[in-house]
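Numbering (full-length UniProt numbering), first residue to last: 1 to 700.
Hints are computed from structural coordinates only; laboratory data are not their basis. Check each hint, because a few of them may be wrong.
Computed cross-link-like contacts, DSSO-like style, restricted to lysine-lysine with a CA-CA straight-line distance of at most 27 Å [stated by the list, open to error]:
id : residue 1 : residue 2
1  : Lys193    : Lys227
2  : Lys619    : Lys471
3  : Lys619    : Lys653
4  : Lys404    : Lys311
5  : Lys355    : Lys404
6  : Lys227    : Lys144
7  : Lys440    : Lys566
8  : Lys18     : Lys4
9  : Lys221    : Lys311
10 : Lys311    : Lys438
11 : Lys244    : Lys144
12 : Lys49     : Lys103
13 : Lys471    : Lys355
14 : Lys686    : Lys655
15 : Lys4      : Lys144
16 : Lys522    : Lys440
17 : Lys4      : Lys49
18 : Lys619    : Lys355
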Amino acid sequence: MIDKDILLSKSVPSFKSKEAIVITFNNVPYYDKRNILFRFQVVIATDYKNTYTIFNYDRIDNPGYGNIGYAEPDGEVSCTPYKSFNLNGNTLSTSSNVGKPGKFVFLLTNCTNDREFIPYGQSYGDRFANEGDSSSTCFSSFSKRFPLFSTANRSQVCINSNGFITVDNSNTDTRASLTSYYSVLVPFNYDLKSYGRDILYRSTTQQNILSMIDKDILLSKSVPSFKSKEAIVITFNNVPYYDKRNILFRFQVVMATDYKNTYTIFNYDRIDNPGYGNIGYAEPDGEVSCTPYKSFNLNGNTLTTSSNVGKPGKFVFLLTNCTNDKEFIPYGQSYGDRFANEGDSSSTCFSSFSKRFPLFSTANRSQVCINSNGFITVDNSNTDTRASLTSYYSVLVPFNYDLKSYGRDILYRSTTQQNILNMIDTDISLSKSAPSFKSKEAIVITFNNVPYYDKRNILFRFQVVIATDYKNTYTIFNYDRIDNPGYDNIGYAEPDGEVSCTPYKRFILNGNKLTTSSNVGKPGKFVYLLTNCTNNREFIPYGQSYGDSFANEGDSSSTCFSSFSKRFPLFSTTNRSQVCISSNGYITVDQSVTDTKASLTSYYSVLVPFNFDMKSRGKDILYRSTTDQNTLMLIDRNIGLLHSQKNTTSSFKSKEAIIVTFNNVPYYNNRNMIFRYQVVIATDYKNTYSPAAIQDHPYN
């Protein structure tokens with residue numbers, strides 16, 4: 001009798017039951033209304049291979065909850081049959097799928113909706129993850145040789161019930177982040193709740209399973225050959241949304257490796273909500289010299305119908321993929337890198353480099369400091385959001401924006417490793433202005449997907465290399481991901497007076513094209529000489545190493561000194577008591593003056609090479625008197641230029657000089673309007689000359 005009913009289904013050519021279960025609900029009433037009745041029967045029949053069910057409906061006085069269907073979510077099968085028959089509770093006794101009103105036949109061992117999941121269940125060695133809302137389950141039953149994702153020797157893999165997998169770190173967040181300190185694989189992510197026995201996992205080296213996995217991986221056209229040696233299989237088997245148990249998610253994640261490369265397979269079968277839209281992976285701990293793509297840009301609404309390998313619901317990705325790398329110099333703890341401090345506008349200083357290292361043109365530096373906002377300062381720690389190319393500190397700005405480090409995303413080291421230096425030299429040699437260069441020491445700083453301070457999906461990945469042969473210093477900027485053009489102040493400056501020239505302050509790079517443009521022919525790569533003085537106006541050498549002192553900082557400040565001979569005529573008069581420097585650009589004799597504007601008709605003696613309302617920030621106005629013969633010879637050469645223009649000869653020989661340098665002093669309320677010039681007053685104790693050098697700053 002049962003077989004006769006089952007054979008009413010056109011999809012069943014033949015069937016012979018060997019055993020059956022018959023359950024009859026014979027006019028069972030509604031819980032508080034005995035006149036509302038329900039009479040139906042359920043038959044479950046098997047031939048010990050396949051199992052069918054028959055639903056017979058006779059009286060249904062209320063359509064019920066509308067959840068007619070079946071499920072086998074305990075992980076004991078490698079597929080899950082249809083969950084809902086989509087039957088209308090109002091027409092159960094009058095409709096049918098086999099032509100007889102009130103009768104329905106279904107195959108319970110039906111796997112037609114399976115996405116070719118890798119077989120799973122306890123019979124395959126699977127274990128069940130912990131139940132709970134935002135629970136985490138960690139395991140370490142895999143080989144230390146397994147790269148996860150590009151890094152071997154991992155301690156554990158942790159499954160978060162909300163759909164994602166972390167490496168080494170257990171995580172109970174609801175939402176996975178692709179920009180945090182932890183390595184993560186996100187096949188899907190939503191606020192899910194495991195009720196037990198619905199999340200399964202195992203590692204395996206079974207050859208028949210690996211062969212099935214390899215078959216899936218080889219669906220990818222970018223994989224010519226691959227033979228798995230070990231795999232991890234994790235199955236989310238109809239895990240529900242945390243407060244709605246009829247919203248279900250069924251998908252499987254496979255990670256397979258040949259101990260060199262690691263692939264992942266995503267199989268999607270049922271996705272009732274598109275989730276958080278953060279499908280992808282990341283390995284931000286600095287253990288690799290590249291960072292794989294962070295987001296796969298998959299549409300949560302089409303996961304079960306789309307594919308990147310031609311099979312709906314199936315996706316294959318290479319987790320050791322470095323195709324987006326801009327040829328970064330290798331970095332990570334395995335290369336000796338340390339992690340910078342986390343935080344918003346944080347600063348991390350280090351001094352693990354040689355005193356011979358010119359930074360940028362000056363050796364004997366005390367420290368290099370990394371600001372989490374993207375720039376590097378020398379000697380001075382700085383926590384400003386925005387770097388200034390016109391301040392008192394030496395600064396290198398490969399990029400600058402308001403960034404926030406979450407830890408383990410900014411790495412740094414100094415190195416003398418020859419293989420690393422060779423790689424650096426190869427990059428530097430790309431510049432036509434560097435015919436030959438052999439690095440002896442380098443500093444490598446990597447910003448590895450550091451996010452914008454309040455939007456963690458806006459990321460910045462770039463690397464700065466500073467390399468020296470102890471004579472010249474070059475920098476390499478490598479850009480990989482720049483989600484916003486930033487503050488447009490890329491460049492460098494060394495305004496502390498330790499060099500006789502100031503390199504170009506601004507590279508005039510377009511923040512929107514950093515990853516696609518180049519000055520050496522490789523997109524995303526730029527090479528610059530930091531000891532470049534091509535814009536120098538032949539200043540007389542200055543700086544503390546030449547005996548210079550710094551003038552007082554402040555707006556309209558004055559600094560007086562008397563470290564010169566009484567024989568020095570200033571300007572036609574000897575026995576002067578002092579020379580005073582106004583921060584507004586002029587020099588007075590004997591009288592200290594703090595006026596904004598110098599007067600050429602007042603009571604005081606004054607020399608005005610330039611005059612404007614300027615404000616010294618400290619270390620930007622330098623002065624000294626000198627009798628150094630080498631310096632005096634340079635000065636005499638400048639004075640001789642006057643006579644060459646007049647076609648006369650010069651017999652002037654300086655015996656003493658005063659040198660005052662205004663080294664990028666800014667306008668009092670606009671720090672990007674700056675002024676750099678030098679005043680020399682030289683005498684042979686009879687005549688006094690003043691050869692002045694003026695530099696037009698690029699910003700003016």
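How the hints compare with the structure:
| no. | hint | in the structure |
| --- | --- | --- |
| 1 | Lys193 x Lys227 | 35 Å, violated |
| 2 | Lys619 x Lys471 | 24 Å, holds |
| 3 | Lys619 x Lys653 | 31 Å, violated |
| 4 | Lys404 x Lys311 | 41 Å, violated |
| 5 | Lys355 x Lys404 | 31 Å, violated |
| 6 | Lys227 x Lys144 | 18 Å, holds |
| 7 | Lys440 x Lys566 | 49 Å, violated |
| 8 | Lys18 x Lys4 | 14 Å, holds |
| 9 | Lys221 x Lys311 | 13 Å, holds |
| 10 | Lys311 x Lys438 | 52 Å, violated |
| 11 | Lys244 x Lys144 | 39 Å, violated |
| 12 | Lys49 x Lys103 | 23 Å, holds |
| 13 | Lys471 x Lys355 | 12 Å, holds |
| 14 | Lys686 x Lys655 | 10 Å, holds |
| 15 | Lys4 x Lys144 | 58 Å, violated |
| 16 | Lys522 x Lys440 | 24 Å, holds |
| 17 | Lys4 x Lys49 | 18 Å, holds |
| 18 | Lys619 x Lys355 | 21 Å, holds |
Comparing the model with each earlier hint shows violations of hints 1, 3, 4, 5, 7, 10, 11, 15; every other hint is respected.
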